[in-house]
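**Q** Construct the entire structure; sequences and hints are all you get.
Chain by chain, the residues:
Protein chains: 2
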Amino acid sequence: MDLLKKQILAEGRALAGGIIRVDSFLNHQVDPVLIDAIAEEFCRRFTGIECDRILTVEASGIAPAVMTALKLKVPAVFAKKSRPSTSSGKVYTAKVHSFTKQKDYDITVSADFIRQGERVIIIDDFLAHGSASTGLIDIIHHAGAEVTAIGIVIEKGFQDGGRILREKGYRVESLAIIENIEGNTIQFR
Amino acid sequence: MDLLKKQILAEGRALAGGIIRVDSFLNHQVDPVLIDAIAEEFCRRFTGIECDRILTVEASGIAPAVMTALKLKVPAVFAKKSRPSTSSGKVYTAKVHSFTKQKDYDITVSADFIRQGERVIIIDDFLAHGSASTGLIDIIHHAGAEVTAIGIVIEKGFQDGGRILREKGYRVESLAIIENIEGNTIQFR
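Chains A and B, in that order, give the protein sequences. Counting from -13, one number per residue, gives the positions in the first sequence under the working numbering. Counting from -13, one number per residue, gives the positions in the second sequence under the working numbering.
Some hints could be false.
Quick list of simulated restraints, FRET-style, between CB atoms [as the list claims (entries may be wrong)]:
(1) Glu165(B) to Gly75(A): 23 to 29 Å
(2) Asp146(A) to Gly169(B): 51 to 57 Å
(3) Phe144(A) to Lys76(B): 28 to 34 Å
(4) Arg31(A) to Asp92(B): 35 to 41 Å
(5) Gln88(B) to Arg149(A): 28 to 34 Å
(6) Lys(-8)(B) to Ala97(A): 34 to 40 Å
(7) Lys81(A) to Lys89(B): 35 to 41 Å
(8) Lys76(B) to Arg149(A): 36 to 42 Å
(9) Arg105(A) to Lys87(B): 32 to 38 Å
(10) Asp90(A) to Val19(B): 31 to 37 Å
(11) His83(A) to Ser84(B): 22 to 28 Å
Away from chain A, derived, C-beta distances all over 12 Å, residues of chain B [said to hold, decoys possible]:
(12) Asp(-12)
(13) Leu(-11)
(14) Gly34
(15) Glu44
(16) Gln102
(17) His128
(18) Phe144
(19) Ile150
(20) Gly155
(21) Tyr156
(22) Glu159
(23) Asn166
(24) Ile172
Read the hints as simulated data drawn from the structure, not as lab findings. Yeah, the Cβ is synthetic: ideal placement off N, Cα and C, and Gly gets one too.
**A** Given below as structure tokens:
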């Protein structure tokens, strides 16, 4: 997706440890026009794929997930990183490891918002080692629902999450795949 | 805003302690068509108000903030509840008390994303005691910027945040104001 790649090259910063800083348009400040274009591109790639709900994780996944959900006319659900105090009833949880923050955390989704037999598309801002996506997949399977596609804004192609998920048979659509980072230079696949 | 009030009455649940559970359409699952209508209504109410950026807090503020930002063609910034590991450089922070979760936390915004002299609209999902809004106002003022309006999806009119902010001269536009809760019955102002 050219518009996204241009913005990554113009504003993204490669930091130590394979971290890519895109906080000027994706995960701190959000460029809504870009996110709208991202959602449009997800819809194009998901043509013909069944979708009852979109699932993401708070917080940076919310903008692309909700914009895509608006175009697909389905609800968007965001998994919470702490069990919500206003929730009661059954929840699904999964453990996720953040390599960026070097810690484990639980993600939680109310059982009210993923039902048996549903077709769910996962959307997230980043795919690196695949820990968040794997947690979301676990939750969807706990609920007896099906993952029909995974939409990623930026995949770190130099880490193994995308390869592992594709080898497991998931359809992963990444709008920009960063092949490697040489010094401060970001190169796309 | 009738559509919102209808959905609150149909799906909202009044819990002990003045908590209103709206996780089926606003803060866990998101109804994107409703959020789009909310954004449209914010734009209508903000006609003629100057806006360089929209500021909200992760996570539940993001959907209405980004949808409104898309219509106003300005960036949306979400304050983070933990200092982001990919951030460097100057940040503004403010302390916020969550009465629902009974704890204090810091919110952080990079100085790159609020600049001196800018006109900023705050958008959030809830206004209760006004602690989150006050934290965002503090951050905007630290940056030398101006708060031109505050847009709230649901105001708890039985708590004092809205009154305090309006008495201080802020223009607060709340799309639904809950006057009181009698038993399980939600009554609007």
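**Q** For every hint, state whether the structure bears it out.
**A** Structure-based check of all given hints:
For glutamate 165(B) paired with glycine 75(A), a C-beta distance near 28 Å keeps the hint of 23 to 29 Å intact. Between aspartate 146(A) and glycine 169(B) the C-beta distance comes to about 54 Å, which sits within the given range of 51 to 57 Å. The hint said 28 to 34 Å for the Cβ distance between phenylalanine 144(A) and lysine 76(B), and at roughly 30 Å that hint holds. Arginine 31(A) and aspartate 92(B) have their C-beta atoms about 38 Å apart, which keeps the hinted 35 to 41 Å range intact.
For glutamine 88(B) paired with arginine 149(A), a C-beta distance near 44 Å fails the hint of 28 to 34 Å. One distance hint, 34 to 40 Å for the beta-carbon pair lysine -8(B) and alanine 97(A), is violated here, with the actual separation near 25 Å. Against the hinted window of 35 to 41 Å, the Cβ-Cβ separation of lysine 81(A) and lysine 89(B) comes to about 23 Å, which falls outside the hint. Remark: the range hint 36 to 42 Å for lysine 76(B) to arginine 149(A) is upheld by a beta-carbon distance near 38 Å.
Taking 32 to 38 Å as the suggested C-beta distance range, the pair arginine 105(A) and lysine 87(B) conforms, at roughly 34 Å. Take aspartate 90(A) and valine 19(B): their Cβ atoms lie about 36 Å apart, and the range 31 to 37 Å holds. The given range of 22 to 28 Å is respected by histidine 83(A) and serine 84(B), whose C-beta atoms sit roughly 26 Å from each other. Taking the minimum C-beta to C-beta distance to chain A, about 20 Å, the non-interface status of aspartate -12(B) holds against the 12 Å cut.
The Cβ of leucine -11(B) sits about 15 Å from the closest Cβ of chain A, beyond the 12 Å cut-off, so the non-interface label holds. With a minimum CB-CB distance of about 21 Å to chain A, glycine 34(B) clears the 12 Å threshold, and the non-interface call stands. Once the 12 Å rule is applied to beta carbons, glutamate 44(B) is inconsistent with being away from chain A; the minimum gap is 4 Å. The Cβ of glutamine 102(B) sits about 16 Å from the closest Cβ of chain A, beyond the 12 Å cut-off, so the non-interface label holds.
Residue placement check: histidine 128(B) keeps its beta carbon more than 12 Å from all beta carbons of chain A (closest about 17 Å). With a least CB separation of 17 Å from chain A, phenylalanine 144(B) remains clear of the 12 Å interface cut-off, as annotated. Against chain A, the non-interface label of isoleucine 150(B) holds: every CB pair exceeds 12 Å, the least being about 23 Å. The claim that glycine 155(B) lies off the interface holds: its Cβ sits roughly 27 Å from the closest Cβ of chain A, which is beyond the 12 Å cut-off.
In this structure tyrosine 156(B) is separated from chain A by more than 12 Å, as the shortest Cβ-Cβ distance comes to about 23 Å. Residue placement check: glutamate 159(B) keeps its beta carbon more than 12 Å from all beta carbons of chain A (closest about 19 Å). With a least beta-carbon separation of about 18 Å from chain A, asparagine 166(B) lies farther than 12 Å from that chain, consistent with its non-interface assignment. Its beta-carbon lying about 14 Å from the closest one in chain A, isoleucine 172(B) satisfies the requirement of being farther than 12 Å from that chain.
Going down the numbered hints, you'll see the structure goes against 5, 6, 7 and 15, while the others check out.
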